[in-house]
Amino acid sequence: MTEHTLKFFAEELEQLKADVIRMGGLAEAQVIQAVGAVADRDIALAERVIIEDEKLDALQHEIERCAIRLIALRQPVAQDLRRTVGALKLSLVLERAGDYAKNIAKRALVIAQSDPEIPLTRSVQRMGQLVAGRLKEALDAYSGGDVEAARSVWNRDEDIDEHYNSLFRELLTYMMGDPHTIGACAHLLFVAKNLERIGDYATSVAEILQYEVAGEEFSDPRPKWSSVESAPSISGEGS
Amino acid sequence: MTVLSFAWRKGSRSPEQERLPTTAINRDALSLRAIQLLPDAVLIVQREDATAPLRIVTSNAAAQDMLRIRAQDENLISVLRHPEILSAVEKSLSSGESCSVSCDTGGPQSRTLRIWTRPLPHAHRPSVVLILRDETDARRLERMRADFMANASHELRTPLASITGFIDTLLGHARDDADARNRFLPVMAAQAKRMSRLIDDLLSLSRIELNEHVPPSGTCDLALVVREVVDGLLPVVSAKGAKIDLAVPPESTAQVIGERDQLAQIIQNLIDNAVKYAPDGTAVTVNVCLDASFDADSDGSRLSDLREAGGGRMALVSPERAHENRYVQIRVSDCGAGIAREYLPRLTERFYRVPGQKSGEIPGTGLGLAIVKHIVNRHRGGLSVESAPGQGTTFTVLIPAPAPNTA
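If you're matching them up, the sequences are chains W and P in order.
Heads up: the first sequence at position 189 corresponds to 189 in our numbering, and the numbers run straight through without jumps.
For any residue, its number in our numbering is found by taking its place in the second sequence, counting from 1, and adding 1000.
Rather than coming from a laboratory, the hints here were simulated on the basis of the structure.
Being a predicted model, the structure only gives us computed values, none of them experimental.
Do not take every clue at face value.
As the list claims (entries may be wrong) - Under 7 Å between C-beta atoms, here's a sample of chain P residues computed to sit facing chain W:
| no. | residue |
| --- | --- |
| 1 | H1082 |
| 2 | P1083 |
| 3 | S1318 |
Said to hold, decoys possible - Restraint-style ranges between C-beta atoms, simulated for each label pair:
| no. | chain 1 | residue 1 | chain 2 | residue 2 | range |
| --- | --- | --- | --- | --- | --- |
| 4 | W | L73 | P | A1052 | 15 to 25 Å |
| 5 | W | E47 | P | D1073 | 51 to 61 Å |
| 6 | W | E62 | P | A1029 | 22 to 32 Å |
| 7 | W | T173 | P | L1224 | 40 to 50 Å |
Claimed, not checked - Covered by chain P, per the in silico footprint, the following chain W stretches (three or more residues, Cβ under 8 Å):
| no. | region |
| --- | --- |
| 8 | 22-34 |
| 9 | 164-170 |
| 10 | 201-207 |
No residue lacks a Cβ here, since even glycine has one placed at the ideal position from N, Cα and C.
So that you can see chain W by itself, here it is in the shape it has in the complex (with noise of 0.2 Å):
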């Protein structure tokens, strides 16, 4: 290969990554203002976040079509293989995210109907800003090439798991004290449900940052413990 396609490859390489962070600003903003429409009772707002996702999806394609473009006509090696791929899988990785957003805002349209005298969104808010921080941390690591901030976020998923299970008695709890309510809890319980989910696409951003920089997964076990046996786990709802 000569100096010149060299050079190309690499400003390719360079714009393919800086479309995942696009993309992951995007993802971490949806995020942001679909909880936040669930906390305000914000119909517009969540209005806005549907239609938003749309632009994800766009880019998502396109980043798909670059990489592939790469790998057809460049056919990368070693990390520059793996830099395409990472990116390749970051973008459906962040896309499933924002799918996740987009169905929180479509039960923020529920929500808002319903009585505002349920006071678990408070409990929503402080766990989807707990997630939101998380994804940003991802997303941080994977523009800035830091696999040890990478490995922080892959070591912390703990918690978001606990603020799940414990959200998740809570509304049980709420719902049987008061059969009314049990409408827009069990969007909340989705939406909760919907961002652990997100946390789990946070973790696996550092897991793919990993994989581009070392070429192995991340190879100490992780200190998770799961709690299946005490609040059982609802399957995932996407869009």
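Please build the complex by placing chain P on the supplied structure of chain W, with the hints as guidance.
Coordinates of chain P only, in the frame set by chain W:
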């Protein structure tokens, strides 16, 4: 960085050439230096051609600090990826319009930024100036005023209602009943004390929250602070028939980056809690140890024991970029009733009480751990809890130690 290149260019000129343009060059260099000193973050971004990425060609000190800009000519997107900011920049580039947007950075110490984008005229490439101003303080003040009103009025109403109830009774049918007066007045005094404690805690919480995003800059000796707090608490502790087992490293080894008074408040609140919940006659253990790290998990077998017993370990505050720091660790343990796992995530919520506790049995404002959490967050430290029913509770606080070369 741009200032440097000017100095170099100036040096390469001959004396005759220099005389005339000197003033112009000096003026340019001065303006550039002035931009460096601005408190708002200022950056200039440029794009080589329509498809090339936006690059940061100049940034001032505030921008480098705020956005952690590492290299010159860095891609804008690697330091700023908020979609609203990016679209404002694109709009200024394509239409020459000036824009202004506001957004939150997110993360544990989220900041609210106001951003202006201005197209830069007469540049040889399409360029935009970005000005970022931190408006966190103003926003926080606004929100806190609302929160304070809601929380305070709710929590103050209960004791107030009881006091007015007693006053009504004493003014009414119990006017001449000395017996009732003697019974009611101590209760009223206790309620009034509770109100004043609540107000103290609410005020200190709002003060801490106000500057939560400004990390402390001084250093202090954590071991010394712990000793002082423990000495101050001795009367209360011995009155309860409890004792404190203290293990601290030698003086001036446990240096941390922090504000003495706030650290004392953390320790005070944690030991206070431990003493409150410990059964009479048992000991509360306070440990300070050096050179801890956040990610290093504590004893795995202990964790599985806790989980067996329906408890667990939970991070209540985890620092950003934890792996880059070393910490001094404080552990406060009691052998009280312990807390079940499902309640652990909510411990630092304001006015939260673990269900099953008889209210009034253990006095407190419900704000102690919230205060601890906010102070730890401000110090960029960590806070975690280990507990299980019947196995006591341990709170662990990590406060960043200064980097070795500055210690």
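>> If you test the structure against every hint from before, which numbers come out violated?
In response: Structure breaks hints 5, 6 and 10.
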